[in-house]
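These protein sequences, in sequence, are chains A and B.
Read in numbering that gives the first Met the number 0, the first sequence has 55 at position 56, and its numbers run on one by one without any break.
Read in numbering that gives the first Met the number 0, the second sequence has 43 at position 44, and its numbers run on one by one without any break.
Restricting the straight-line Cα-Cα distance to at most 25 Å, the calculated cross-link-like pairs of lysine-lysine (DSS-like) are:
no.	chain 1	residue 1	chain 2	residue 2
1	B	K17	A	K174
2	B	K75	A	K92
3	B	K75	B	K47
Here are a few chain A residues that sit away from chain B, every Cβ distance over 12 Å (derived from the structure):
no.	residue
4	N6
5	L10
6	T14
7	A17
8	A22
9	R27
10	L58
11	L61
12	T142
13	G166
Just so you know, these hints were derived from the structure itself, not from any lab.
Glycine residues also receive a C-beta, built at the ideal position from the N, C-alpha and C atoms.
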Amino acid sequence: MTQNETNWPALLRATDSAVQAAAVRELRDVLQAGLRVALNGRSDVSEAHLEDFAQESLLRVLERLEQFQRRSRFTTWAQAIALNVAFTELRRKRWQDVSLDALLADGERLSEPAMMADDVLGGDEERTRLVATLRHAIETDLTPKQRAAILGELREMPFDQIVELLGTSRSAAYKMLHDARRALKQRLQEAGITGADIQNAF
Amino acid sequence: MKTGDQRLTGDQVGTIVKMLGLTTDREFNCGECLQHVGEYAERQLSNKPVSDVIASVEQHLALCPECREEYEALRKILEAGQ
Ligand SMILES: [Zn+2]
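Extracted from the complex, chain B is given alone in its bound form (with noise of 0.2 Å):
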């Protein structure tokens, strides 16, 4: 754990005010990220137009590291498959 240093460091001051300039009032959360994240994969792989659950799986995306960690294994996945 990271803790030993408790001051935050200018990239983590970047991080929030980051993620405070892609907060929206509607977010989807990890569950619904994770139901359309396949979707999103398959879109992206194939240049398909987006739609609004693509455009809210995107924002979730850039805002949850761990579900950006899981899609790109993902993609990973499908590009090794083709």
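Isolated chain A (complex conformation) (with noise of 0.2 Å):
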């Protein structure tokens, strides 16, 4: 932590151009040194990533300055928007092969039988009650793209990838993705299945 954790945001953004500059450059050490830590060990992940990740970092901090509430250290929120940024890019690597057509696809045929795998099924009848409960809500209650972003959802795709695929801004597949949770679990709350069923079945 440096001395003037609570002068930060003057000196990033001070008149004094050499002070300005001294405060930047300072910043994106930080912020490279906490990214070194964080990302340690990822075989993915070379001194070229963190010094990128740290600039690209140091610009969106820069551009939400007035966003910072004093809530936390200025550094701590600092640091968060640099694993934000860091952490995104990493995840539209891994997944940047994926099409919407296969999301899609997958929603599809999630109405198949099949498309629940036998453990699923194995446990007792309020399981499979319940499990058959969510199979149907989710095929007769969800919009095609709201079954997609559900299963990308299952199956660990990154948020920001989900919305990429669905072409749509983040807040709008927010809002698709919370409607569709909020859709689903009133379906089962009217099947009479409650929270605690839930707890106990899985």
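Quick one: dock chain against chain with the hints and give me the complex.
Here's what the structure looks like:
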């Protein structure tokens, strides 16, 4: 942690260009050191990546400077942004070959009985009923895109990738997923399946 | 991409069902979570009491694997700096 933790925003906005440039350099070093700790041991991250991520993060932090509300230390807030930049980029690389068609095709196939693996259905009666209700709800209560989004989420596809595949904004995609989850939850509740049943079955 | 086997596994059904159990009418999205996750991480590390905002972060982290991954990385950085 640096000496000037409380002064960061002022220094980064300083009108004295030497002061401002020094603060920017120091912040970039802080971000890069943090990223090095966080991403240590990952085979897909090189020193050059760390530099790129730090530089991109720095720009993002400077853009959002007025959003800092002093509810945490400045560097903590900035590191969170840097991690978001770095992980978003790493996830994008990992998933860049997946198409919306593949995900939508998954959604179409969900209605087939084979969609649920045997181990899901092997349990007791209550669990079988829960799974059947859930499957029916996914099939009938969701739009194809909502189904694709839920399936992407289940397969641990990064949210940004789901956003890109759906060809929509982050907030629209989030709303799509949230509405889908609420619809499924409501359908389970209507079938008399409570939160406790759910926890017991899995 | 893991779409080779089209069926949902027991784990995946478990995941969706837990997700539904955590779904509430008003939720933080990833952007709101990012804005407050630093405060959340610092409070967690110093055992400070939770606020409404912090509870919303906690709920979002339980639902969102990406924000959780970033939060865990942030914890690593904060712990290394102490
Ligand atoms: Zn999130």
